[in-house]
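Here's the letter readout for the chains.
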Amino acid sequence: MEHKIKRGVSAYSYNKVFGVSMDLDDIMQDICDTGATGIEILANSHIVKYPDVTDAWIDDWHQKLTHFKLEPAEYGHWVESRLYKGRELTTKESIAMLERDFKTANKLGFKVLRTKLGVIDDTLTPVSNWREFIKGALGLAEKYDVRMCPEIHSPTILDSRMIHDYVEFIEKENTEFFGLNIDFSIFQTGDNALVGFGENDFLGPPCEHSKVEELVPLLKYVYCCHAKFLRMDENFREVVIPYEEIIQTLIKHNWEGYLISEYEGAKAEVTGHASDQVKRHQIMLKNLLGK
Amino acid sequence: MEHKIKRGVSAYSYNKVFGVSMDLDDIMQDICDTGATGIEILANSHIVKYPDVTDAWIDDWHQKLTHFKLEPAEYGHWVESRLYKGRELTTKESIAMLERDFKTANKLGFKVLRTKLGVIDDTLTPVSNWREFIKGALGLAEKYDVRMCPEIHSPTILDSRMIHDYVEFIEKENTEFFGLNIDFSIFQTGDNALVGFGENDFLGPPCEHSKVEELVPLLKYVYCCHAKFLRMDENFREVVIPYEEIIQTLIKHNWEGYLISEYEGAKAEVTGHASDQVKRHQIMLKNLLGK
Amino acid sequence: MLEKECIQSRGFKNTVVDQEVVGFQFDIRLMYYRGLWLSQIRSIHIKVDGEAVRLEDISWEINGKLYKQDELKEIGDIQWNVLEPASIHVNVLGGLTTGYHDIEVDYRFSSSYMPPNMDEVLSYGNHKRKLLLVS
Amino acid sequence: MLEKECIQSRGFKNTVVDQEVVGFQFDIRLMYYRGLWLSQIRSIHIKVDGEAVRLEDISWEINGKLYKQDELKEIGDIQWNVLEPASIHVNVLGGLTTGYHDIEVDYRFSSSYMPPNMDEVLSYGNHKRKLLLVS
Ligand SMILES: [Mn+2]
Ligand SMILES: [Mn+2]
Numbered sequence: 001m002e003h004k005i006k007r008g009v010s011a012y013s014y015n016k017v018f019g020v021s022m023d024l025d026d027i028m029q030d031i032c033d034t035g036a037t038g039i040e041i042l043a044n045s046h047i048v049k050y051p052d053v054t055d056a057w058i059d060d061w062h063q064k065l066t067h068f069k070l071e072p073a074e075y076g077h078w079v080e081s082r083l084y085k086g087r088e089l090t091t092k093e094s095i096a097m098l099e100r101d102f103k104t105a106n107k108l109g110f111k112v113l114r115t116k117l118g119v120i121d122d123t124l125t126p127v128s129n130w131r132e133f134i135k136g137a138l139g140l141a142e143k144y145d146v147r148m149c150p151e152i153h154s155p156t157i158l159d160s161r162m163i164h165d166y167v168e169f170i171e172k173e174n175t176e177f178f179g180l181n182i183d184f185s186i187f188q189t190g191d192n193a194l195v196g197f198g199e200n201d202f203l204g205p206p207c208e209h210s211k212v213e214e215l216v217p218l219l220k221y222v223y224c225c226h227a228k229f230l231r232m233d234e235n236f237r238e239v240v241i242p243y244e245e246i247i248q249t250l251i252k253h254n255w256e257g258y259l260i261s262e263y264e265g266a267k268a269e270v271t272g273h274a275s276d277q278v279k280r281h282q283i284m285l286k287n288l289l290g291k
Numbered sequence: 001m002e003h004k005i006k007r008g009v010s011a012y013s014y015n016k017v018f019g020v021s022m023d024l025d026d027i028m029q030d031i032c033d034t035g036a037t038g039i040e041i042l043a044n045s046h047i048v049k050y051p052d053v054t055d056a057w058i059d060d061w062h063q064k065l066t067h068f069k070l071e072p073a074e075y076g077h078w079v080e081s082r083l084y085k086g087r088e089l090t091t092k093e094s095i096a097m098l099e100r101d102f103k104t105a106n107k108l109g110f111k112v113l114r115t116k117l118g119v120i121d122d123t124l125t126p127v128s129n130w131r132e133f134i135k136g137a138l139g140l141a142e143k144y145d146v147r148m149c150p151e152i153h154s155p156t157i158l159d160s161r162m163i164h165d166y167v168e169f170i171e172k173e174n175t176e177f178f179g180l181n182i183d184f185s186i187f188q189t190g191d192n193a194l195v196g197f198g199e200n201d202f203l204g205p206p207c208e209h210s211k212v213e214e215l216v217p218l219l220k221y222v223y224c225c226h227a228k229f230l231r232m233d234e235n236f237r238e239v240v241i242p243y244e245e246i247i248q249t250l251i252k253h254n255w256e257g258y259l260i261s262e263y264e265g266a267k268a269e270v271t272g273h274a275s276d277q278v279k280r281h282q283i284m285l286k287n288l289l290g291k
Numbered sequence: 001m002l003e004k005e006c007i008q009s010r011g012f013k014n015t016v017v018d019q020e021v022v023g024f025q026f027d028i029r030l031m032y033y034r035g036l037w038l039s040q041i042r043s044i045h046i047k048v049d050g051e052a053v054r055l056e057d058i059s060w061e062i063n064g065k066l067y068k069q070d071e072l073k074e075i076g077d078i079q080w081n082v083l084e085p086a087s088i089h090v091n092v093l094g095g096l097t098t099g100y101h102d103i104e105v106d107y108r109f110s111s112s113y114m115p116p117n118m119d120e121v122l123s124y125g126n127h128k129r130k131l132l133l134v135s
Numbered sequence: 001m002l003e004k005e006c007i008q009s010r011g012f013k014n015t016v017v018d019q020e021v022v023g024f025q026f027d028i029r030l031m032y033y034r035g036l037w038l039s040q041i042r043s044i045h046i047k048v049d050g051e052a053v054r055l056e057d058i059s060w061e062i063n064g065k066l067y068k069q070d071e072l073k074e075i076g077d078i079q080w081n082v083l084e085p086a087s088i089h090v091n092v093l094g095g096l097t098t099g100y101h102d103i104e105v106d107y108r109f110s111s112s113y114m115p116p117n118m119d120e121v122l123s124y125g126n127h128k129r130k131l132l133l134v135s
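Protein chains in written order, with our numbering: chain A, 1 to 291; chain B, 1 to 291; chain C, 1 to 135; chain D, 1 to 135.
Worth flagging that the hints you see were computed from the coordinates, not collected in a lab. Only a predicted model underlies this, so the values are computations on that prediction, with no experimental measurement involved. All C-beta atoms in this analysis are idealised placements derived from N, C-alpha and C, irrespective of residue type, glycine included. Mixed in with the good hints, there may be bad ones.
[Claimed, not checked] Reference excerpt, derived from the structure (chain A facing chain D, CB under 8 Å, subset only): (1) Met22; (2) Asp26; (3) Thr34; (4) Thr37; (5) Ser128; (6) Pro217; (7) Lys279; (8) Arg280.
Chain A on its own, in the form it takes in the complex:
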């Protein structure tokens, strides 16, 4: 079936070896070797002197993209609401933090942003003034041609107050500059025990997950998906996330955009392990997407 879904990889997948055995060039070459066409970077990780970004760095970035045949797929950034101990950022401060990243993302060629918001409780409810500062930033987002997408990640589920509030906001503002990034962690069906986590891996408590079909009515607001994976076996199958169903659903409903491989499994600190896992994951996506 024809579709406009593209394969990308998040540089985050390699975070445990970044600077130790892989630099950004190595990451981009690894991604290029998989035939993926898009890359996600995290501003605060991969821009060496963040928040400073020199013209030389920007030039170099664009040269690397050309050399490795990659396009900017998603730019990760944060509204660091508890930046200062004892108080939350004001709406004005939050907008300023957003604008700084809009400018940088724009210069680097990104149009979709994974915008992480500060939270106020264990169910990851966003800070109470999120509507104010997102609304205040919509004009800037348009100016810099970027789309803010909070990441929907377990333990959040689709049938929740949070999703309801986001959708209500999007519809009320009638904006295309705020949308969703769906992290496939929310569809996990297999038990964590299948993943083989080690004692140093950070794991949330067991939680409820969503059904893939629940995603369908939301697809029009989804600008990007985190193709989260925890373990690819030697037959190129993910062991706990129902990829076949997810990809078929996306194709069937004509969703278009980037599926960004994001590795968050065990042994990520072992040299070469994440690279091998990402390759296996891209082989699976290629098989399921037919290209």
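Model the placement of chains B, C and D with the ligands on the given structure of chain A, informed by the hints.
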């Protein structure tokens, strides 16, 4: 006792991890941390695009020297006599190869060169036209202010035809632009078994060694020493080379110049091992030199 | 390049100011996957050869600038980047002796997209390493 | 950065020229401590999944330029630098299938300060690695 002996380190010591877990900056920081004031580089290893060396690389090199408080102590280079299969380089070709390195060494601030000559047999006899091309290069060496020093390394011994020929040449030409680099491997007294080499380490056959006192009459021709070490124990003692006698001899006879730590022992490919061995060696040198 | 350990072997030395040894210093890298605004750094604990260092004797050197722990909390526009180790300076007249020393470090930081109750808890472990000091 | 192995995992892929898969390629690093003039490279042997590759099907890509084995021996002014992996290109129509493949490499080179009888012998071992090819 007062003396003018200085401590340096050869970047060669880290060769098995160069590019894998240490770059040139890391090597220079490691050396700086030991309080050594001089560095040896190998042109063909540490100049990234050798034989090309850009002005930008040269500027960066000088900035690094300032930052890490190091001075250029020795520049390793080669007359690659068997460059082409089936014939030896001509005298003219050899001089051209020397001159290229003189220019680069001069730009990088080196005044002493470790000049490796091609050999013709198992006892490392230099190529037959060495006198011709060294003589032909003396004027260029003066022009670029560099001193060529073939390395005297085991299995060569001091009481040998090779040393006799070199000394005769120096005296006949009455030149200060050709001298000797003494590698302390020639003084080894302990058995290789004490070193703990692994099966992948490259070891020459057992051979004769020289007495330290034989060095005394040659000291006036020695511009640099390779303070070769094979294993430093946890009490900061070298296990097979008689360092106390060597250093006392050098001090007593007012030798001046750089002692350049050159690690060539086991486990050099293990992350951090060479760094630890170099530090131990520098502690020993510091103790023996009194500074 | 970074060493995989938090405590780096490179950078461990006595600190000399005006020809006087005023303390020692060593480098640590950020074990978190993204840079921290300096105000996100909540605390650091250091032991040297088993003995705890007083907080007031510690300074952080980040991008070439020195900060006391107290100064960090107001700085929300400078990052400790993931590829740039921080140098930890410990004030102790005369520094450390030549030889091996045991260094222990634990630092914590806030992260606003994690539940607030983790602010004083978030840490990537207690780090310990034996390092060789020349001088 | 280099991977410690001679055969690098990065760079392993099918080679596409004018939309046709003309072969595959992989990167190797120089295991010697100093760069080699191209004319010092004396031979290379490659096996893929246990099968030997013919010498005439092999090209070396060094600093972005392709050379047949025969061409190397005349080039005495360009180096294979230690920090720059060489890409080995193997001519085989259709390339390799998606999945894991066993690659074996052995290359030899001369070194003029070593005894001449080592010229065809000097090698830093036979290197073998299982690599994953996506496409
Ligand atoms: Mn994600
Ligand atoms: Mn030597």
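Okay, the hints, checked on the actual structure:
no. : hint   : verdict
1   : Met22  : 6 Å, holds
2   : Asp26  : 6 Å, holds
3   : Thr34  : 5 Å, holds
4   : Thr37  : 12 Å, violated
5   : Ser128 : 45 Å, violated
6   : Pro217 : 34 Å, violated
7   : Lys279 : 5 Å, holds
8   : Arg280 : 7 Å, holds
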